[in-house]
Amino acid sequence: MVGLIYALAVALLGFQGVDPSTGAAHFAPVWLDPGLLATVVFSVGLVVGGGSAYKTAQLRGGGHVVAEHLGGRLLNGDSRDPAERRLLNVVEEMAVASGTPTPPVYLLEDEEAINAFAAGQGPGDAVIGITRGALEQLPRDELQGVIAHEFSHILNGDMRLNIRLMGVLHGILIIGLLGYFLLRSSLYSGAVRGRGGRDQSVLIWIGFGLGLSLVGFLGTFFGNWIKASVSRQREFLADASAVQFTRNPEGIAGALARIGGFGPASLLETPNAPEASHLFFGSALRHPIFATHPPLEERIRRLDPQLAAGLGAAPAREPSGVAATAAPLAGFAAGGAGPAASVGRPTPEHVDYAARLLASIPADLREAAHEPYSARALLHGLLLSGDAAVRKRQLADLAQHAEAGVAEATAALASSLETLDRAAFLPLVDLLLPALRRLSPDQYRVFVENVDRSIRADDRIDLFEWTLQRVLRTHLRPHFEAMPRSRKRVSRLESVRGACEVLLSTLASADHDEAAARRGFEAASAHLGIAGLEQLPADRCGLAPLDTALDELAAVVPKLKRRLVDAAALCIAADGVIEIAEAELLRATADSLGCPMPPLLLGRRGAVR
Amino acid sequence: MEMGGMALLVVGGLVVLLFAIGVGIYNRLVAFRNRYKNGFSQIEVQLKRRHDLIPNLVETAKGYMAHERETLDAVIQARNQASAGLARASSDPGDAAAMQGLGGAEGALSGAVGKLFALAEAYPDLKANTNMMQLSEELTSTENKVAFARQAFNDAVMGYNTARQSFPAVLFAAAFGHPSDASLLEFDSAAIEKAPEVSFQGA
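If you read the sequences in order, they're chains A and B. Residue numbers for the first sequence, in my numbering: 1 to 609. Residue numbers for the second sequence, in my numbering: 1 to 203.
Mixed in with the good hints, there may be bad ones.
[What the hints assert, rightly or not] Each pair of labels, with its calculated beta carbon distance range:
# : chain 1 : residue 1 : chain 2 : residue 2 : range
1 : B       : A97       : A       : F42       : 51 to 57 Å
2 : A       : R489      : B       : S91       : 47 to 53 Å
3 : A       : R456      : B       : N131      : 40 to 46 Å
4 : A       : S491      : B       : D52       : 55 to 61 Å
Just so you know, the hints here were simulated from the structure itself, not pulled from any lab data. Glycine residues also receive a C-beta, built at the ideal position from the N, C-alpha and C atoms.
Chain A on its own, in the form it takes in the complex (with noise of 0.2 Å):
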C-alpha cells in the first residue's frame, strides 16, 4: 500500500504540467527520494494508524457499542415477553455453563431474517444479538445451538481478533474515502474556475484523490478478502464448538437449515450491517467473493451429512416451531486433561448442571436478578453475615446509605437466599451482572460504597467476599470506570516470579492441612516448571495481596496462563477435597487470567482430578 501511494505521488509531483506550447507533458520524475519516501511512509501510516486507533477506540467502549449502531435493543432481563423470556432463558443457561457473566442480549427489531452475533473484547463486555426472525422462528434447541455458537465465539476470543479487524479496515477504508472527497472537490472547484481556468494544481488534486480511491479501494478490497477467509475458518470452529457445549448437532444445522429454506434468510437491513458482516451468524451480505461465511450446505455437512444430504431435494423443515427430538449421546466425562482444558469448553453435563441449579433458584431471587433495583438487594443479601450483630450492622448502614426501600428489599430477599443452595451463590451473582451494568454512573458510584461498607462491616474479608469483589472488579467495574490498559505481555512466568509465589502460597493456604498445603505448592511449583519457588508464610500472602498479583499475571501470554490455572487447582486439591468456597476461589482466580472456568462439577468423581 504504502509503495503503490509512493509511486503515485512521485508521478505526480514528476507531472510538471502541459507546455503549452507544444501540447507535450513535462514529466521528470526522481524515482528515489527519500524525503519523499518518509513523507508518504508517515502520512500513509497517520491516516491507516489514526483511522485505525479511532475505530478501535470506538470499539474498545465494548460489544454494547456495536450492537446499537446496528440498531439493536436492549432486552429487559425481566421481560415478561414469552419468546424473549425464552431466549434470555437459554442465554442464562449457557453462561452459568461456560462460567461467564451473563452476557446483555440486544434485539434487532426491524430484521426479519434469522441471524445473530457476539462482540465485544471479552467475556467481561460481551454482548449477544440477535434478529427477530430469529427469536420467533427458532424452536429452542435450534436457538441453543445458536447461543452456543456465539458463546463459542466469546469464549475463543475471536471478537478481539474481529475487532481488531474492523479497527484496520477502518483505517484503510479512510484512505479511499480521502480519495473520493479529494476528487469530488477538486473536480467542484475545477468546474467552477470554468473551462480555460484549470490549473495544474486542481489537475494534481484530480490524480490524488483518484489515486488514493484506487488505493483505498484496493486495500478494502482484499481487506475484506482476508477478513472474510478469515471468518470463514473461525464460523467452522464456532459450529464445532456448539455441538461440543451441546452435544445436539440437529440443533446448529437445524437452523442452518432454516436460514437455507428461507433462501437468503440471514441478509440484514441495517446499512451499517457491512462493517459487521463477520461478526454474524450467518452472512449477513449478499456478495459471494466476500462471504465472512463458509456457504451453509458444506457448514451442515460438517455437522449433521444425513440433514445435508436431504436439503437438497425435500424442502427445508417447515418452520412449525416444534423441537427436534434429537437424542443426546450418551455423556461422557470430560478427559483426565487438567482443569484448564475445560476453561472456555463447557460440556454438555455442564449445560445440563447449569439449567438444574438455575431451576433450583427461588423464583423470586431469580426475579430479583433481573432488574437493577433488586439486583442491588440480592448482592447485599449474599454479602449478610450469618453473625447476627453484623447482619444488624450491614442492615442499619443500607437503610442510611443506600436508596429508600433497599434495606428493606434487601431483608425480604434474605429469608428465601438462606434455603438456596451454596453452590448457586456465584452463578446468581453472574445472573444479576447485567442489570447492574444498567445503574447509571452516580447509581453505580452509591452502590459500591455500600459493597464495600458491607464487606468491611465484620473486619475481616472472607473467601467468598473477595471472590465477589473480584467478580465485581472484571466484570462490572470497567462498564463505568476507565481502568488502565498495560500493553505489557509476559512471555516468562520467571518475570512474574514474586506474583506466582504469592498465588501459590494464598491458594496453598486455603487447604486447612498444613503438610496437604506444602504438597499442593510443591505439585504446583514442579508444574509451572519455575526452580526455587518458596512458599510464603501466612503474613506475606493472603487475598490482599493476590489482588495485586493477580493483576500482574493477567499480562502473561495465554499459554502460560493455562499452567497458571492447573498448577492453581493442584494447589487446591492437594487435601483431597474441594470445598464450595475453595472452587469459588479458583474460578475467580482464573477468571481474573481472562479464562472463564465453567462451574466445577462437585461430588461428581473425575470432574476435578
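Start from chain A and add chain B according to the hints.
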C-alpha cells in the same frame, strides 16, 4: 513542488481530522440517545407492572368499600390515563410533551391511589385482608423500582443533553438529527402531596 506536497499533506490531514471528528460526534450522540432510550424501557417495564396491579387492588377494595365508588372509579380512570400516557411516551422517550403528559398522569395516579389507601384506613377488615396487604407491598416495591429507574433515566438524559450542548457537537447536533434536548421525566408531585386529604364532615 516541496511546498505543494506540504500543502497537500496539511489539507489532507485536516480533512481526515474533520471527518474523524464528525463521525465521532455522530456516534457519540447516537450512543447517548440509545442509553436514555434503554433507560426508559426499564421505567416502562415497572410502570406497566404498576398499571397491571392497580385493577386488582381496586377489585379487592371494592368488596369492602362499596360506598367509595367515586374514589375507586377515579383510580381506574387515572390508571387508564397513565397507561395511555405511557404508550405515547414509549414511542418517543425524551419528547417534552410526552414526558410531561406521562409525568402528570402518573402523578395523578399516585394521588388517586394515595387517596384510596387513606380511605382504606377506615376499613380494618380491608387492611387485614392478605390480598390487600400483598398488593400494597408489591405496589410500594414497584414504586421504589420506578423511582430508581427514573433516576437512571434522568441521569442518562442529562448525559445526552450535555453531550449535545458541548462545544463541537452543538454545531452539528441539529444536522445529525438531534434537534432538541431530551426531556427529564418528573412525576407531578403536587398531585401526590394533595392526596391524603381526608374530609371530616361536621366533626
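Of the numbered hints stated earlier in the document, which are not met by this structure? Going through the list in order, the structure violates no hint and respects every one.
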